[in-house]
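Engineer: Just so you know, the protein sequences line up as chains R and C, in that order.
End of the first sequence sits at 188 in the UniProt record's numbering; the numbers just go up one at a time, nothing left out.
End of the second sequence sits at 188 in the UniProt record's numbering; the numbers just go up one at a time, nothing left out.
Please note: incorrect hints may appear among the correct ones.
What follows is a list of derived Cβ distance ranges for each label pair [what the hints assert, rightly or not]:
1. Asp-116/C with Val-92/R: 28 to 36 Å
2. Lys-101/R with Lys-21/C: 32 to 40 Å
3. Ser-97/C with Lys-184/R: 28 to 36 Å
4. Arg-165/R with Lys-179/C: 50 to 58 Å
With a straight-line Cα cutoff of 25 Å, these simulated SDA-like cross-link-like pairs (lysine to any residue) come out [as the list claims (entries may be wrong)]:
5. Lys-2/C with Asp-124/C
6. Lys-2/C with Glu-41/C
7. Lys-10/R with Phe-98/C
8. Lys-49/C with Lys-10/R
9. Lys-81/R with Phe-98/C
10. Lys-100/C with Glu-111/R
Hint data in this document are derived by calculation from the structure and do not stem from the laboratory.
We put the CB at the ideal spot given by N, CA and C, even for glycine.
There are 2 protein chains.
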Amino acid sequence: MKLLKEKILKSGEIINPTTLKVDSFLNHQIDATIMMEMGKEFKKRFKEKKINKILTIEASGIAIGLAAAVAFDVPLVFAKKKKPTTMEGMYVETVHSFTKKVDYDICVSKEFLNSDDKILFVDDFLATGNAIIGIQKIVEQAGAELVGIGIAIEKGFQPGGNILRNEGVHLESLAIIDKMDLGKINFI
Amino acid sequence: MKLLKEKILKSGEIINPTTLKVDSFLNHQIDATIMMEMGKEFKKRFKEKKINKILTIEASGIAIGLAAAVAFDVPLVFAKKKKPTTMEGMYVETVHSFTKKVDYDICVSKEFLNSDDKILFVDDFLATGNAIIGIQKIVEQAGAELVGIGIAIEKGFQPGGNILRNEGVHLESLAIIDKMDLGKINFI
Chain R
1 MKLLKEKILK SGEIINPTTL KVDSFLNHQI DATIMMEMGK EFKKRFKEKK INKILTIEAS
61 GIAIGLAAAV AFDVPLVFAK KKKPTTMEGM YVETVHSFTK KVDYDICVSK EFLNSDDKIL
121 FVDDFLATGN AIIGIQKIVE QAGAELVGIG IAIEKGFQPG GNILRNEGVH LESLAIIDKM
181 DLGKINFI
Chain C
1 MKLLKEKILK SGEIINPTTL KVDSFLNHQI DATIMMEMGK EFKKRFKEKK INKILTIEAS
61 GIAIGLAAAV AFDVPLVFAK KKKPTTMEGM YVETVHSFTK KVDYDICVSK EFLNSDDKIL
121 FVDDFLATGN AIIGIQKIVE QAGAELVGIG IAIEKGFQPG GNILRNEGVH LESLAIIDKM
181 DLGKINFI
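Please construct the entire structure, taking both the sequences and the accompanying hints into account.
Structural biologist: This is how it looks when you write it as structure tokens:
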């Protein structure tokens with residue numbers, strides 16, 4: 001997606017060869033126009049699929065999740081990172097964060113995932129794909145179908161994307177970074 | 001806002017006299033249509049103000065924040081609840097959560113708040129208003145102007161709303177709950 005790649009080149013900051021800071025438009029300050037355009041782009045790329053629900057993970061997935069939900073005209077469900085006191089009857093899975101080197105739980109209320117749901121999972125970043133393994137298990141617990149995965153920025157030099165493609169998952173990443181080296185970003 | 005009040009009556013669950021669960025459309029599953037309509041409603045109610053930035057707090061404020069940012073055609077900044085490792089130069093304030101009975105830090109990068117910003121703060125709920133005190137201090141640190149506060153659901157039986165109105169803050173709540181008693185919700 002040209003608009004996103006241009007914005008990454010203009011405003012992304014390479015912190016180290018594996019960390020890209022996109023706080024100025026994606027996950028601290030949010031460029032609402034780019035966000036909504038990404039939702040529309042997912043709609044284009046998954047137009048053949050009968051998607052009736054968008055799924056994401058709080059907090060950084062919520063904005064892109066809402067953008068997708070608006071484009072598809074379906075509800076958004078966001079997995080919570082800890083079990084709130086007022087919620088029972090949850091699907092829960094443990095995810096290992098490669099970046100933060102900790103385990104955390106993601107959970108979704110059983111009320112909001114059903115066996116007839118056709119789900120598009122969206123997120124801002126894809127690196128190792130650990131969070132998606134948790135999401136796949138939650139969707140499986142619910143007996144629902146994960147029909148696709150839409151990502152804003154895939155780190156092509158980390159294994160998540162290729163693992164998913166090899167599994168036959170319909171994965172669409174709007175920008176795939178091949179390499180971030182010597183202050184330069186290359187896309188695939 | 002009629003649409004929101006009807007949805008609260010239809011789908012809100014009273015957990016106890018101070019806790020309303022709106023997980024089915026506002027903060028776990030999100031009704032994208034209602035969310036975007038709330039953004040438009042804020043635009044109507046604050047149309048006289050020259051707002052150039054929407055501010056909210058992760059995670060539950062992000063969706064309504066994006067809806068407002070789209071309606072106003074300005075960027076959204078969301079305060080983070082802990083200091084990420086890759087971010088320096090932050091405005092930080094401590095907030096006491098009445099519901100969870102803990103203190104937490106909210107922080108905003110100095111890059112994204114400037115002295116010429118005219119800010120609308122939006123959030124899903126207003127109860128004691130403790131989070132807003134933290135936001136007021138952060139906006140003050142930045143030398144920016146908090147020109148208004150837009151809330152989806154105000155708990156009118158808790159003090160936050162009246163404290164802010166007595167301070168002269170331009171506060172707009174789309175639904176104000178007077179009382180949640182014996183399984184019945186009354187709006188002001």
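Engineer: Decide, hint by hint, whether the structure agrees.
Structural biologist: Consistency of the hints with the structure:
1. Asp-116/C with Val-92/R: 28 to 36 Å: With a Cβ separation near 46 Å, Asp-116/C and Val-92/R fall outside 28 to 36 Å, so the hint is violated.
2. Lys-101/R with Lys-21/C: 32 to 40 Å: Given about 34 Å between the Cβ atoms, the range holds.
3. Ser-97/C with Lys-184/R: 28 to 36 Å: 44 Å Cβ-Cβ, so the 28 to 36 Å window is violated.
4. Arg-165/R with Lys-179/C: 50 to 58 Å: 55 Å, holds
5. Lys-2/C with Asp-124/C: Measuring from Cα to Cα gives roughly 16 Å; hence the hint holds.
6. Lys-2/C with Glu-41/C: 11 Å, holds
7. Lys-10/R with Phe-98/C: Answer violated: Lys-10/R to Phe-98/C is near 42 Å, above 25 Å.
8. Lys-49/C with Lys-10/R: Given that 25 Å is the threshold and the Cα spacing comes to 31 Å, the pair is violated.
9. Lys-81/R with Phe-98/C: OK: Lys-81/R and Phe-98/C at ~20 Å, within 25 Å.
10. Lys-100/C with Glu-111/R: 24 Å, holds
Of the numbered hints listed earlier, those contradicted by the structure are 1, 3, 7, 8.
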